[in-house]
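The primary structure of each chain is shown beneath.
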Amino acid sequence: MSSPCRRSASLAVLAVLALAACDREEREPRGAPVGESGPGAIAQGTLYAGEPSPPDPRRQEYEGNAYHLAQGKQLYVWFNCGTCHANGGGDIGPPLMDDSWIYGDSLENIFATIVQGRPNGMPSFRNKIPETQIWEIAAYVRSMSGQTPTAASPGRNDSLNAKPAEQRTPKAEPKQSTPGGPQVEGRQ
Amino acid sequence: MSARDASRFIRRDGPSLGEAETHARLERTWATPPGLWGWLSSVDHKQVGRRYIVTAFVFFLLAGLLALAMRMQLAGPNQTLLTPDRYNQIFTMHGTTMMFLFAVPVMEAFAIYLVPLMVGTRAIAFPRLNAFSYWVYLAGGVMLWVAFILNVGPDVGWFSYVPLSGPQFSPGKRADFWAQMVTFTEVAALAVAVEIIVTVLKQRAPGMSLNRIPLFVWGQLVTSFMVVFAMPAVMVSSSMLIMDRLIGTHFFNPAEGGDALLWQHLFWFFGHPEVYIIFLPATGFVSSILPTFARRPIFGYTALVLALVATGFLGFGLWVHHMFATGLPHLGNSFYTAASMAIAIPSGIQIFCWLATLWDGRPRFATPLLFVIGFIVIFVLGGLSGIMLASVPIDSQVHDTYFVVAHFHYVLIGGAVFPLFGAIYYWFPKFTGRMLSERAGAWNFGLFFVGFNIAFFPMHILGLIGMPRRVYSYPAGLGWDDLNLLSTAGAVILAAGVLVFLGNVWHSLKHGLVADDNPWGAATLEWATASPPPSFNFVHIPVVTGSNPLWEEADGLPVVSGLRVDQRELLLTSVVDAAPEVREPSPEPSIWPLLSALAVTILFIGSIFTPWAVVWGSIPLAVGLIGWFWPKSAPDTPEPVIE
Amino acid sequence: MTARLPIPSPCSAGRGRDPCGAWEGEGSVIPRNLALTLPRLRRGPLPLPPGAGEGVARSASSRQWPWHRAALVLCLFALTACERVQHGIQSALDPVGQQAGRIAGLWWLFLAVLAAVYAVVLVLLLVAAIRPRRRRRLPPGPAFRPEEPIERRLTRGLTAWAVGTAAIVLTLTGFSYAVDRDILALGHRAELTIEVTAKQWWWQVRYDDPVPNRSFETANEIRLPVGVPVRVVLKAQDVIHSFWVPNLHGKTDLIPGRVNETVIVADREGRYRGQCAEFCGFQHANMALDVVAMPRDQFEAWRESQLAPAVAPSDERSREGQRVFLTSACVMCHTVRGTTAASRVGPDLTHVAARPSIAAGTLPYSKGNLAGWIADPQRIKPGSQMPVVGLSADQLQSVLAYLDGLK
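Chains as they are written, first to last, in this note's numbering: chain W, 1 to 188; chain A, 1 to 643; chain G, 1 to 407.
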């Protein structure tokens with residue numbers, strides 16, 4: 001490889017590394033701009049007619065960002081998500097650390113589930129939790145089944161640990177449909 | 001057989017081999033190969049030492065820029081120049097870089113360069129390990145700074161207290177880069193410490209019994225022992241932190257039987273001796289510079305050595321005074337109060353000996369001596385505020401305030417950086433063959449001294465009137481505004497002093513006065529060889545008859561001969577009396593230290609991200625070490641016997 | 001949202017000294033001002049410590065000196081520094097409690113002794129550096145052999161120096177131990193217990209009482225009866241913090257997994273400021289608390305008022321505010337006793353309007369500051385756990401009306 005070529009290649013590698021690290025390690029406590037409305041009714045894949053809606057622009061900021069994932073984990077505890085979902089293994093509510101996603105496994109779908117609520121017990125948190133925090137919780141929920149990069153996923157907590165930390169959880173490849181549940185296709 | 005032919009078969013230096021011929025043959029044997037390959041595989045302690053010094057200074061300048069950024073942010077109340085996130089990264093990087101990447105390495109660098117010259121040997125012990133330590137240190141420093149630029153810089157303070165630096169409260173990889181940088185630099189520091197200990201104890205010139213070792217070498221010897229006992233504590237704790245963060249161990253998790261205070265004990269068991277690891281070599285600088293410029297032998301040699309050793313021991317008994325506020329039992333705290341107070345006694349003895357040397361001497365106020373005087377003025381003040389910090393009640397008020405910031409900058413800048421600058425002005429002719437400008441030196445000293453005091457003295461008051469450390473901002477109306485502004489102004493003057501220094505070095509490298517072997521009329525062995533020294537240091541190994549060889553043997557040092565000139569060979573002497581014992585080969589240049597350091601780098605950086613890096617990373621490391629230690633089947637031809 | 005409202009004084013008037021004046025004069029700080037405040041003298045003639053008076057005299061007599069401006073500035077700095085030492089609400093040198101008083105006394109003692117030592121060293125250094133007599137008589141040369149009698153004299157000097165250092169250090173250690181024991185003894189007679197739990201980046205304060213329903217919680221403020229030793233039990237929920245009210249006592253860390261204790265007592269009425277002294281993340285700089293010392297009867301009255309549940313909203317606007325509060329994100333984190341809001345994530349707001357400051361001592365309490373804080377907490381304390389809730393302007397006004405009524 002010639003020298004300028006090598007230089008540009010190494011520059012490119014460095015730039016990719018830089019971008020990845022910047023995104024992953026950014027600490028943006030404010031979250032998405034205030035007043036921007038969330039996806040009111042998120043399109044759930046092929047259940048509806050027409051093209052699947054484009055991914056939400058905010059997904060970039062929350063998915064795979066270490067700070068937002070950690071915040072999401074804290075909020076999961078603070079807002080008592082564990083009352084129904086336990087530590088992810090499920091109790092009254094469905095488990096969150098397995099491979100089945102009743103309403104889709106994408107960040108937008110989880111966001112919509114938290115905002116809108118779902119039949120059989122999932123309440124709506126619209127206006128109860130600010131949207132920035134819902135994005136954080138949604139991002140964290142994905143990390144519970146290893147859907148996020150391990151370099152960003154939360155480590156163990158300073159408490160009794162009922163399960164291995166999210167960063168040690170092997171990725172559960174999402175199943176495309178669940179018998180018994182609504183036939184919804186998850187979007188990666 | 002002609003004389004010329006006969007000398008071809010002579011393999012050792014001695015009267016039968018002419019001076020020029022000895023010089024040429026030694027040069028052939030000891031020179032570092034030319035070119036990039038030679039540069040990468042060099043094991044010459046002077047080259048490695050120079051690299052260490054330059055690298056450490058680059059880190060000093062970078063960390064200094066961060067300090068300026070912090071002072072700008074704190075110049076007034078409620079400033080928003082920096083976000084708290086950025087500020088936390090900056091103050092962490094400042095402390096980490098100054099302590100781990102500048103202060104300790106630069107002191108080691110001087111040891112690597114000067115100790116073999118001062119004890120009169122041809123090379124440092126374990127020269128390949130020496131090269132390895134430099135590459136590991138460089139890799140650790142570069143890794144930390146690249147991480148900082150990529151926004152993965154640590155943001156938990158240079159002390160990284162858990163649980164804040166633990167897995168729950170420091171998401172991402174920022175704290176891991178900090179912890180792994182510690183491992184890098186401590187590996188390097190331990191390697192250097194071992195080299196220095198062996199060099200000092202086994203490679204001294206014949207006749208340099210323990211009571212004739214230059215005080216700088218004593219300082220470095222005590223420091224190296226402290227490194228050997230202190231550094232493992234922080235390596236262990238940083239590895240425990242990485243394990244907590246990466247694989248979910250519970251060393252510091254109180255809910256599962258760990259303890260957050262364990263971190264503080266381990267860290268300060270290293271952290272307090274660390275201060276003396278930085279300070280003792282600096283006392284060595286002072287004890288080297290003072291006799292030369294006061295033009296009399298140092299007063300109280302034995303007292304100074306005993307003070308160094310006492311400080312080395314007491315330094316390990318003070319760590320809890322960093323933890324007086326944590327609620328440990330009062331009886332325990334009392335012990336550490338007494339120990340912290342007691343260390344004032346050896347320090348006081350040192351100060352007296354230096355003052356006495358100056359008092360009885362005929363001082364010549366060249367720049368190195370100016371820096372030594374600045375050192376005494378500043379360091380004593382820092383030491384006295386340290387006595388205040390030793391008291392549990394007073395410490396409970398000023399701990400973690402700007403009072404402590406003022407105190408340790410007085411001790412570390414006054415106690416280490418001032419002597420260091422003096423040392424650079426003093427040894428620059430030995431390193432480069434040229435003198436630094438005295439005029440610029442005086443300006444450098446003046447700006448540095450004035451700027452330092454304006455920047456840091458007000459912080460004493462700030463701490464007493466309530467300003468805590470590590471705050472990115474502060475509210476108006478608490479009486480902190482003007483003093484902070486004053487402090488920022490001082491920081492700017494200080495920076496101007498550093499700029500003058502840089503200009504001086506830049507200019508003098510090309511245009512400085514050419515220095516002879518001993519431009520200052522000093523007494524120690526490094527001035528007995530050329531400036532800069534040849535690759536083999538000394539044509540003949542000198543013999544020492546007193547503590548100030550160049551003053552006592554003004555007509556030329558006696559020498560021993562008999563070391564081989566066709567192979568790298570050192571003279572080993574006995575530990576106490578330095579009686580010649582045995583000739584020992586010294587390793588040739590090798591690329592393997594660099595390759596091994598690269599393998600270590602891959603392993604360490606990889607293990608930030610996955611524990612498997614320890615498994616797979618050990619393979620290239622094993623290859624590196626096997627290559628390094630592969631037995632050479634060198635034809636060790638017996639010497640032909642002539643005459 | 002940039003309303004500048006008059007700030008109600010939450011403190012009782014002290015004896016001839018307004019405890020609130022020291023920092024409330026800054027007024028509503030929204031938007032936070034970046035102007036540097038110049039040194040200024042607040043209250044009439046100052047009681048100056050001995051050293052400072054000389055500085056003033058010198059500055060007056062040196063008007064003609066070309067550098068008199070610099071001297072004047074220096075004196076001003078000295079003056080303001082002294083003034084602050086006298087009147088700091090967060091100063092270790094303005095003790096109002098016995099503990100802080102003993103420590104300050106010890107500090108002045110150390111300062112006097114060590115300053116004398118420093119002066120001796122400086123004089124010796126000066127003499128050593130400029131001492132001319134021997135230097136001229138000696139022949140020039142690289143070095144000389146020290147003379148025996150001088151070496152002997154210096155050695156005697158060294159011995160005396162070492163003994164002197166040891167004696168000074170021993171004495172100071174003795175005084176330090178004595179004060180330490182003294183302070184410990186003061187702690188044995190605490191009458192009131194407060195439990196302080198530090199969280200990222202605020203203080204939860206719980207007043208314990210043997211009768212369970214007479215315990216209550218507040219946040220970021222501690223009120224004490226004057227002259228009554230109070231035991232403060234210190235816990236941490238997340239990371240290590242440090243509890244430090246310099247006017248009352250030195251600091252004690254709050255460490256997860258451990259329980260620490262300290263005892264404080266205020267001898268004078270007034271309002272003092274405490275601040276977290278152990279680095280604890282983003283908002284370590286803005287984690288303060290108010291300590292208000294008040295006469296016993298006023299304290300008891302305050303305590304009764306705190307025990308009461310929140311005041312029911314009286315007008316339409318406040319009722320609307322309560323409705324917004326209970327149906328928006330507020331309710332997810334905050335408690336208002338007497339309503340359904342009972343989450344313990346954030347500070348208890350039952351009597352928020354009666355507190356001296358909001359956002360953990362970041363802003364003095366005023367309706368305007370409260371508005372700015374709720375509207376965009378991330379601008380005032382970036383990284384704090386209080387999110388941007390995104391209320392409409394109307395909702396915000398209602399919530400403000402409601403909260404401002406929670407006296």
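Possibly wrong hints are sitting among the right ones.
[Said to hold, decoys possible] Taking lysine-lysine pairs in the DSSO-like style, the calculated list, with each CA pair at most 30 Å apart, reads: (1) G/235 <-> W/163; (2) G/407 <-> W/128; (3) G/367 <-> G/407; (4) G/235 <-> G/407; (5) W/128 <-> W/163; (6) G/367 <-> W/171.
Keep in mind that the hints were calculated from the coordinates and are not lab data.
For each hint, the structure was consulted:
Of the pairs offered as hints, the one joining residue 235 of chain G and residue 163 of chain W holds, with about 27 Å between alpha carbons and a cut-off of 30 Å not exceeded. Proximity of residue 407 of chain G to residue 128 of chain W is assessed by CA-CA distance (about 25 Å); at most 30 Å being required, the pair is judged to hold. With a C-alpha separation of about 12 Å, the suggested pair residue 367 of chain G and residue 407 of chain G falls inside the 30 Å cut-off, and the hint holds. At most 30 Å may separate the alpha-carbon atoms for a hinted pair to count; residue 235 of chain G and residue 407 of chain G meet this at roughly 27 Å.
Proposed proximity of residue 128 of chain W and residue 163 of chain W is supported: the alpha carbons are some 29 Å apart, at most 30 Å. Between residue 367 of chain G and residue 171 of chain W the alpha-carbon distance is near 50 Å, which puts this suggested pair outside the 30 Å criterion.
The structure is inconsistent with hint 6 alone, although it conforms to all the rest.
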